[in-house]
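**Student:** Generate coordinates for the entire structure from the input sequences, incorporating the hints supplied.
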Amino acid sequence: MPADRGGSFGTVLPSPEEYKEAEDAVRRLPDALAVITAEPVDLGTARPNQEANGV
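The opening position of the sequence shown corresponds to residue 55 in our numbering, with each subsequent residue numbered one higher.
Source of the hints: derived by calculation from the structure; they are not laboratory data. Be aware that one or more of the hints could be misleading.
[Said to hold, decoys possible] Estimated spans, in silico, between C-beta atoms of each pair: (1) E72 x P94: 35 to 41 angstroms; (2) P68 x A88: 24 to 30 angstroms; (3) G64 x L87: 44 to 50 angstroms; (4) L67 x V89: 31 to 37 angstroms; (5) P94 x F63: 31 to 37 angstroms; (6) T65 x V89: 31 to 37 angstroms; (7) F63 x A92: 37 to 43 angstroms; (8) V66 x I90: 28 to 34 angstroms; (9) G64 x T91: 36 to 42 angstroms.
No experiment lies behind these values; they were computed from the predicted model shown. Even for Gly, the Cβ is constructed at its ideal location relative to N, Cα and C.
**Tutor:** Pasting the structure below:
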């Protein structure tokens, strides 16, 4: 399948502002993941919805 001119297979190149937003998000991601993984989870209270399973 030949690639379209400019992009690849009909993709659209992002604007400079979209690149900046993506870079900012990638820079914030490690801190967000650290916060999420630092919070302890009580596995005794994390249970699936039994009604949804018909149990």
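**Student:** The structure should be examined with respect to each hint, and the outcome stated for every one.
**Tutor:** To see whether the hints hold, each was checked on the structure:
1. E72 x P94: 35 to 41 angstroms: holds, 37 angstroms
2. P68 x A88: 24 to 30 angstroms: holds, 27 angstroms
3. G64 x L87: 44 to 50 angstroms: Hint violated: Cβ distance 33 angstroms, outside 44 to 50 angstroms.
4. L67 x V89: 31 to 37 angstroms: holds, 33 angstroms
5. P94 x F63: 31 to 37 angstroms: violated, 45 angstroms
6. T65 x V89: 31 to 37 angstroms: holds, 33 angstroms
7. F63 x A92: 37 to 43 angstroms: Holds, since F63 and A92 (Cβ atoms, about 41 angstroms apart) stay within the stated range.
8. V66 x I90: 28 to 34 angstroms: Since the Cβ atoms of V66 and I90 sit about 32 angstroms apart, the hinted range of 28 to 34 angstroms holds.
9. G64 x T91: 36 to 42 angstroms: holds, 38 angstroms
Violation of the numbered hints given earlier is confined to hints 3 and 5; the remaining hints are satisfied by the structure.
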